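Enquirer: My request is simple: use the sequences and hints to build the entire structure.
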Amino acid sequence: MILFEAFQYAASRATEWRDALGQHLLFVAVALGIGIIVCVPLGFVTARSRLAALGILNAANALRVIPSLAILFLAIPYFGLSFTSAALALTLLALPPILLNTDAAFRGIAPTLQEAALALGMTWRQRLWRVELPLALPVILTGVRAATLEVIASATLAAFIGGGGLGIYVTRGFALFDNAILLVGAISVALLALSAELLLSGLERLARVPQ
Amino acid sequence: MDYLLQNPAIVFELLLQHLLLVSVALTLALALSLPLSVFIAASSRWTTAVLGVLSVVYTIPSIALIILLIPLTGLNAWSVIIALILYAQVILTRNNVAALRGIDPAIVEAARGMGMNRWQMWWRVQLPLALPVMLAGVRLAAIVTIGIATIGAKFNGGGLGRLLFDGIAQTGRYDKIWAGAIAVAALALLTNLAFVTLEHYFGPARKIRGSL
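If you read the protein sequences in the order shown, they are chains H and W.
As numbered in the numbering used here, residues 1 to 211 make up the first sequence, in order.
As numbered in the numbering used here, residues 1 to 212 make up the second sequence, in order.
Quick caveat, the hints were computed from the structure, so don't treat them as lab data.
Please read all numbers here as calculations on a predicted model, not as lab measurements.
Warning: the hint list may mix true and false statements.
Using C-beta positions, here's what the derived DEER-type ranges look like [unchecked claim]: (1) W:Gly115 x H:Arg130: 54 to 64 Å; (2) H:Ala119 x W:Val108: 34 to 44 Å; (3) W:Trp46 x H:Ala207: 27 to 37 Å; (4) W:Pro8 x H:Tyr78: 43 to 53 Å.
Ideal placement from N, C-alpha and C gives every residue a C-beta, glycine not left out.
Expert: Okay, here's the thing in structure tokens:
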């Protein structure tokens, strides 16, 4: 039974598996951290300025269309086969979903609510923190979820460019023509993605403003 | 860039393989998704159940899904094609159902009131109204399958991904990586553009203008 073989392989190298998982999670943390820090303020700006929106949103849309493998592999000529290379490429992949969703989130706030906040005498800062951001949060989180799944999936490919992560079992499985080792990588990544989806969709539900 | 200019025949052949893979998968996925969507769109319970199962499939990263199929189909292009069909299925069904459910029931009722039979209602009212949203789904599915087919090259699926993986395997062949990346990016961007144009053509705005 190949599933049993795969489990045995992983169990016999528990520390290696843990390190690979750690590295995979590090990729996710780096890419999403930078993605959120850059794209949430940027999305706030593009939702307000037509000029900024035109250039930046089109660039984000184009970036999203380009296959992730191409983006990942193109980092090599510049940064070599390394963790940095993979982390940079993965960050680039995390940007479009967060940016496009943040933009849509701030655009989608009903003008009447903004007016009401203004009429209540709220300052600019109060409006942002107490009205706009809470209303935009669920949609922003949808973008973060999409970006997380994208990064988890693409980080598997990072092993091909020497980046480590759970993809090492995939590259090793190919090198040794061993389907059981391939399955170790595939099952781990699939479970990671499903848990991330569950966790983040739960968070999204919490953030939703009661109607 | 050099490789692209010096070996246009090789790149072109891989491009054709890529297109073949994507179009076979998309055609089969559409053939499955259309009847499925029409069937489940009529009932909210079915819609929730089927879309729920499909979204779990969509969450699984593509490379993992292809590997999970290997014990069933072997390490060949079929694993890739089945994975492509599954992913496309999720996007297509989700969009088709949204398109069908988005039609104003009053319009369908008006069509019935005009004495149209079921078939006429479908061809002359429901399908034209749902088409722009459905096409957006096909566009998205095409983009996603082009991307995943690139990964499929590692699984003997052929296509432009071969250039990328060869470029990694043969140390320093950055020219191959560039050629593969440029070709596959161009393919994705052009496909996107083609479908956007098509959506615009079938969109309601143009038709209303045309009939006035």
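Enquirer: Does each hint hold? Answer for all of them.
Expert: Status of the hints after comparison with the structure:
1. W:Gly115 x H:Arg130: 54 to 64 Å: holds, 56 Å
2. H:Ala119 x W:Val108: 34 to 44 Å: With a Cβ separation near 43 Å, Ala119 of chain H and Val108 of chain W satisfy 34 to 44 Å, so the hint holds.
3. W:Trp46 x H:Ala207: 27 to 37 Å: holds, 29 Å
4. W:Pro8 x H:Tyr78: 43 to 53 Å: violated, 26 Å
Hint violations for this structure: number 4 only, all remaining hints satisfied.
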